[in-house]
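A.B. asks: From just these sequences and the hints, can you work out the full model?
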Amino acid sequence: MDREAGIEAYQAMITAQEYKVRRAAGDSGDWEHAYSNDSDSPVLRVVASKVEDMSGQVTKYEFRSPDGSDLPDWTAGAHLDIVVAPEFLRQYSMSGDPADRSKYQIGVLREEQGRGGSALLHRIFAEGRRVFISKPINHFPLEASASKSFLMGGGIGITPMIAMAHQLNAQGRAFELHYSMSTRAGAGYLADLSAMPWADHVTHHVSDEGTRADLDVLLNGYCNGWHVYTCRPDRYMDGVMQAAQRQGFTDEARHLEYFSVPELPEYENHAFTLKLARSDREILIPADKSATDVLAEHGVHVDVKCADGICGVCKCGLISGEVEHRDFVLSKAQRQGAVILCQSHAATKGGVVVVDL
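Quick note on numbering: this note's numbering labels position 255 of the sequence shown as 471, and the sequence is numbered without any gaps.
Hints are computed from structural coordinates only; laboratory data are not their basis. No incorrect hints appear here.
With a straight-line cut-off of 20 Å between C-alpha atoms, the simulated EDC-like cross-links for lysine to aspartate or glutamate are: (1) K565 x E538; (2) K548 x D454; (3) K548 x E538.
C.D. replies: This is the structure in structure tokens:
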């Protein structure tokens, strides 16, 4: 940070007492904490009420309120941020029934070659353990207008599809659930799925049994109003998306959710101007910095969590400007009016992007 920027950032800082006085007087400005995410997701304290080993590799966890009260509402496609340990904040898709507010449910694959979060969770999350989680956060919602939904789960990616099937069945809407797995021995939720009231909507595709999914056949015959959803692993999602595109599913009808950063194209970074509509300030974003970092240097607070364009916390309203969207959260339609600030840049050198800040 240069000296001028440092002075500006320092001047924007105020004491807690002064903050309270300004707020009480109804003032606003760059000194004010502005939570830019439109989903209210404060931390909840819950207890692990059930831990069920479903396959040796996949474990189901259920969480309840310590006092037994109902948990906040949620919708299919939502995930939880879970504090596994102070250094491990992880996101897990919810796999339960959205109509049941007595508990939240997730399924976790033990990934020995992963970043360590799932292995630690399997080791320390025993029944009775009290843990901190976020309220449900949903960047992967069902399309209410869909005439038919195809739920494509690969491995642990089956988790959000189960919640979606619950919700679609309750609404009396048409759907198919396709569960792809390498082996039955390593798969979770098999017993659960067979006992569901909508079990006749489920098809299992097991590689070592010779019933691997032919995605083009399953998604053949596209009709207007059909939507397809898929989650994890990346290779499977890519296969589903490519098949759906070949079969005529439009951009708006193809939905997926990332939990890790996929391979990225070679972006060309360049400087651009970010204009803050609420204050009419203009801030230069250098080619080698993110908009969120530069905003912080100038005393403008924007909440950031992943900084990889995956979580959506730094989403901001987009008023004008041509943007090169580099996130994995927004749909093509959503990108018309929103931008993920931690990754996205102006599409042209020297461009001006106006945002709702």
